[in-house]
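full-length UniProt numbering applies: residue 1 is where the sequence shown begins, and numbers increase by one.
To be clear, the hints were calculated from the coordinates, so they are not data collected in a lab.
Because the structure is a prediction, the values reported are computed rather than measured.
Only true hints are included.
Label-pair ranges, simulated between beta-carbon atoms:
| hint | residue 1 | residue 2 | range |
| --- | --- | --- | --- |
| 1 | 200 | 60 | 32 to 40 Å |
| 2 | 29 | 225 | 48 to 56 Å |
| 3 | 41 | 196 | 33 to 41 Å |
| 4 | 30 | 212 | 46 to 54 Å |
| 5 | 75 | 126 | 39 to 47 Å |
| 6 | 196 | 70 | 53 to 61 Å |
| 7 | 130 | 17 | 42 to 50 Å |
| 8 | 187 | 161 | 42 to 50 Å |
| 9 | 225 | 151 | 24 to 32 Å |
| 10 | 45 | 126 | 24 to 32 Å |
| 11 | 148 | 75 | 43 to 51 Å |
Derived SDA-like pairs: lysine to any residue, alpha-carbon spacing no greater than 20 Å straight-line:
| hint | residue 1 | residue 2 |
| --- | --- | --- |
| 12 | 227 | 249 |
| 13 | 45 | 136 |
| 14 | 206 | 245 |
| 15 | 206 | 237 |
Idealized CB from N, CA, C, for every residue including glycine.
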Amino acid sequence: MGDFGFKETFASITTDALLNALMVVILASLVIMLVQKLLPALAGKLGGKLRLYLLASVPLLRLLIIVLAIVTVVPILVEPSFENMVAIFGALGLALGFAFKDYANSLIAGIVTLYEMPYRPGDWIEVNGRYGEVRSIGTRAAEIVTLDDTVIVIPHSLLWNTLLANGNDGTDNLMCVAELHLEPNHNVARMQHLFRDVVFTCPLTKTYQPVIVTVSATDDAMRYRLKAYPLEPREQSRFISDLTARAADVCAREGVRMVSKRVTGAD
Numbered sequence: 001m002g003d004f005g006f007k008e009t010f011a012s013i014t015t016d017a018l019l020n021a022l023m024v025v026i027l028a029s030l031v032i033m034l035v036q037k038l039l040p041a042l043a044g045k046l047g048g049k050l051r052l053y054l055l056a057s058v059p060l061l062r063l064l065i066i067v068l069a070i071v072t073v074v075p076i077l078v079e080p081s082f083e084n085m086v087a088i089f090g091a092l093g094l095a096l097g098f099a100f101k102d103y104a105n106s107l108i109a110g111i112v113t114l115y116e117m118p119y120r121p122g123d124w125i126e127v128n129g130r131y132g133e134v135r136s137i138g139t140r141a142a143e144i145v146t147l148d149d150t151v152i153v154i155p156h157s158l159l160w161n162t163l164l165a166n167g168n169d170g171t172d173n174l175m176c177v178a179e180l181h182l183e184p185n186h187n188v189a190r191m192q193h194l195f196r197d198v199v200f201t202c203p204l205t206k207t208y209q210p211v212i213v214t215v216s217a218t219d220d221a222m223r224y225r226l227k228a229y230p231l232e233p234r235e236q237s238r239f240i241s242d243l244t245a246r247a248a249d250v251c252a253r254e255g256v257r258m259v260s261k262r263v264t265g266a267d
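Modelling step: build the complete structure from the supplied sequences, incorporating the hints.
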C-alpha cells in the first residue's frame, strides 16, 4: 500500500505507448500554433463584430484542444479504470497544489475567465491603471497592448481582488470622450450645438450611435465633454485627436478662448 497503487497504474506504459502519446502532444501543439497564428491574422483583416468573435474563439479553441489531448493521451498510457484515474489525478492535484500554488491560482482564474468572459481578445480594458486592447488570453495570463504599443502581461489571478473596466465588452462600440475647457461668459447653447456638428462631421464617427455633448461649470472654466463612438475601437486615439482639433477650430472662429489648465469635476 506504500506506493498507493502507482506501480499497477503505470505498469501498462510501453515504448509504443509513449511514442503514440508524444505524437498526440506534438499534433495538439501544432494545431494550437496554427489556431493562434491563423485566426488573429484573419481577424486583423476584418472589422466589426466578426473580428471580435474570431479573436474570442482563440483561447476557447486552445482550451478545447488541450482537453482533447489530455483525454486522448491518458487512455494510451494508462488503462482507464477507476482506480487508475483516482491515482493519476490525485497525484496531479498534489503536485499542482504544493509546487505550483501561485500558478494554479492563476490557472483556475484563467478557466473562470474563459467561462465568465469578463474580457475577450479585442476588448479594451483597464486593470490597475493600465489600459489597452486584449491581444491574447492564455491559461495563466492575458496580454494587452496599450495605446503606446506596449505589451503588458496581466495574470488572471488579479481578477480575484482588482477592479476591471471594460470599454466595449465584446462589441465594436467603444465610447470615446474629447474634453475641452473654455473660458466663461460665452453662448453655451451655441457652443454645444457647434460641438455636436463637429462630432457628426468627423469621418471617424459612428453616426448611428448616440452623440452627447455635456457641459459643466467649474471655478474658472466651462468644461465640455464630446462623447461619441468611433467606427473602430482601434481608431480611438485618432478619433479623439480629430474631435479635439475640430473643436479647437470652432473655438477660434467663435472667439472663445480655450483654458489650458485641466480642471477636474463631475461628469
